[in-house]
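Student: What follows is each chain in one-letter form.
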Amino acid sequence: METVFDIIFIQELLLSTVRMATPILIVALAELYSERAGLVNIGLDGIMTFGALSGFLICYITGNPYLGILAGAISGILINMIYAFCTIHLGAEQIVYGMAINIFAPALASFIYKIYFGISSTLVQATLMKTVPIPILNKIPVLGVVFFNHTPIVYIAYLLVPLTYVFFSKTKLGLNYKAIGEFPKAAESMGINVMLNKYIACIICGILAGIGGAYLTTAYISTYSDGVVAGRGFIALSAVIFGRWMPGGVLLAALLFGFTDALQLRLQVMSSGTPYQLLAMIPYLSTLFVLAFFGIKKAGPKANGKPYFREER
Amino acid sequence: MSKKIISLILTIVMFATILVGCASSNSTSTTGSTSQVESDDVSESETEDKTYKVAMILDSSISDGGWGAACYNAMITAAEKCGFETQYTDNLTTADFAPTMRSYADMGFDLIFAPGNQYTDAVKEVAADYPNVYFALLNGTVETDNIVSLLPDAQQIGYMAGALAGLMSKTNSIGFIGGMELDTTKIKLESYEKAAKAVNSNIQVYSAYAGSFSDSAKGKEIADSMVTMNDVDVMFGDASAVDSGAREALSNYENRYDIGQPSDLLAIQESDVVIGSVVTDNAAMLEICMEDVKKGTYGNKTIYGDLSNGAISVGTFSDDVPEDIKEKYLEIVEQIKEGTFIEE
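Same order as they appear, the protein sequences are chains A and B. Under this note's numbering, the first residue of the first sequence is numbered 1, with each subsequent residue one higher. Under this note's numbering, the first residue of the second sequence is numbered 1, with each subsequent residue one higher.
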């Protein structure tokens, strides 16, 4: 119990927070790009699973985790194109197709894995991405280890947050992009190609969600098993709402979830007398708690979830 | 109009793929419609050489590299010996346990294999409605006319792992990862702790539950935190794919070990982390079930698996286990077998 205030304990806790928040952050950003263009994509979990499989598969075949990440991104786009075509072109209900992706993609991933690797009593291991410490900065006590000793994907994920902020708030392109999620008709009348931008949104969403999945199987652990995503896509979905559709808020949400999850695992180890279900609830309880206080006002894009028909009045 | 047609085609393609992905069947049963017709003919004429069929349900995946894979392989091994056809459905949610078993029962399967304590309620419910279909419940405690429980001795498994962990630990801290808080997992943890303390009274046991059998990333986090915070140097787990994650974390440190189950890990794969395995042979127990089905003497019993009938055994050791510890450990295993290791 005396370890609670130990500096190493805090360092390890924060390190674990950053690690656990990363996949959620990447995928939440994917959803942010999608919803800002008016497309609610609840198929994140499915895209992640497929990204996790193809990332792992390519990493296993080539021995290069970076190619795995690339494969994850490409397969993310491919899967998300089904969603894009049906919701943008055919104007289908977004929730239904998101759910369809959630059923379809993991089943396809599971099928491919079984065909390729068969049924073995141990999991196949591929190469794990190596951490690349940032020189000088990683020498800072505590913070250096916590923030500057990770795989490049982690740096990119955190860098994406300010970049996304700048894109959405400071560039004309970003404002145009946001207009599509707010009021597509007005955007169209101002000469913005709504359809094209919506497809671009789906491509970005597919890339990031695919990378989020591939990160799990190439940079976090080096194996794939069915269910490895473990609902992280849904948590990312809630992180977007929680973060009120702003990149900074999304970052905070992902970090809060990572922190409470890392904390509950450590509390379990420290107090074996407490029923683990109680501690496992902490991340979800704190999310509920924060949502109850900060998430009441509707802040999302106005045309979010609505199909857009060019000719309709 | 063309949009509607395209969307229809897309939907059909999607559904077809889902069906293929969900229920990819074992090669013996994918011979197509012809074999289906044949087996129908056989049952009509009621000849002696009826093809018996066994189906398995699973909440994780059969390719999870742990519990699911071990149980599936056990079914395949037993089915080959007894001449059963096999079929499985994996990645089920709790709500789908009973409906899936019902459809297998409706499809004329003779035996349904539910590999885990968590299926108990669903098996009881379905078995009551299908008196002519037999159910084998692994880690179960139910005995009826058509349910037989297979019960590998969780206490012995826990003792064996605990004794090895206790003997091997140099830091006097050992760890345990559970998937869900199942009865068998609780017994394993309890006996793991008891056995470790019996061989080394200074030992401290740390435990955590991942709340999942498939979230290997979480397994890695748990193992990481146990090593850095509590200096744990030997771990044992009851959480299939989560254990693989834990082993991956342990491989980043020097002199940190893991004990495997239920397969003999070192016999299949090389590892610098695994020092040994507690092996459970579910195939032998399933074989008894299948023979009973054939003889028509099924039901009202529990098939126990322990060290004395070979259902539980000691796996391959790694080179990291010194000879003297190995000898001492095998002596203890002998005591566990006799029941003299820890007197209740």
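Check the hints yourself; a few may be wrong.
[What the hints assert, rightly or not] Not the full set, but computed from the structure, chain B residues with beta-carbon under 7 Å of chain A:
#1 7
#2 208
#3 222
#4 248
#5 339
[Claimed, not checked] With a straight-line Cα cutoff of 25 Å, these simulated PhoX-like cross-link-like pairs (lysine-lysine) come out:
#6 A:172 <-> A:306
#7 B:294 <-> B:186
#8 A:172 <-> A:185
#9 B:81 <-> A:114
#10 A:178 <-> A:302
#11 B:53 <-> A:114
#12 B:326 <-> B:53
#13 A:185 <-> A:170
#14 B:294 <-> A:306
Rather than coming from a laboratory, the hints here were simulated on the basis of the structure. Since we're looking at a predicted model, the values are computed, not measured. The C-beta atom is built at its ideal place from N, Cα and C for all residues, glycine as well.
Student: Please go over all the hints and tell whether each is borne out by the structure.
Tutor: Hint-by-hint comparison with the structure:
no., hint, verdict
1, 7, "holds (5 Å)"
2, 208, "holds (4 Å)"
3, 222, "holds (5 Å)"
4, 248, "holds (5 Å)"
5, 339, "violated (27 Å)"
6, A:172 <-> A:306, "holds (24 Å)"
7, B:294 <-> B:186, "violated (35 Å)"
8, A:172 <-> A:185, "holds (18 Å)"
9, B:81 <-> A:114, "holds (24 Å)"
10, A:178 <-> A:302, "holds (10 Å)"
11, B:53 <-> A:114, "holds (22 Å)"
12, B:326 <-> B:53, "violated (43 Å)"
13, A:185 <-> A:170, "holds (22 Å)"
14, B:294 <-> A:306, "violated (59 Å)"
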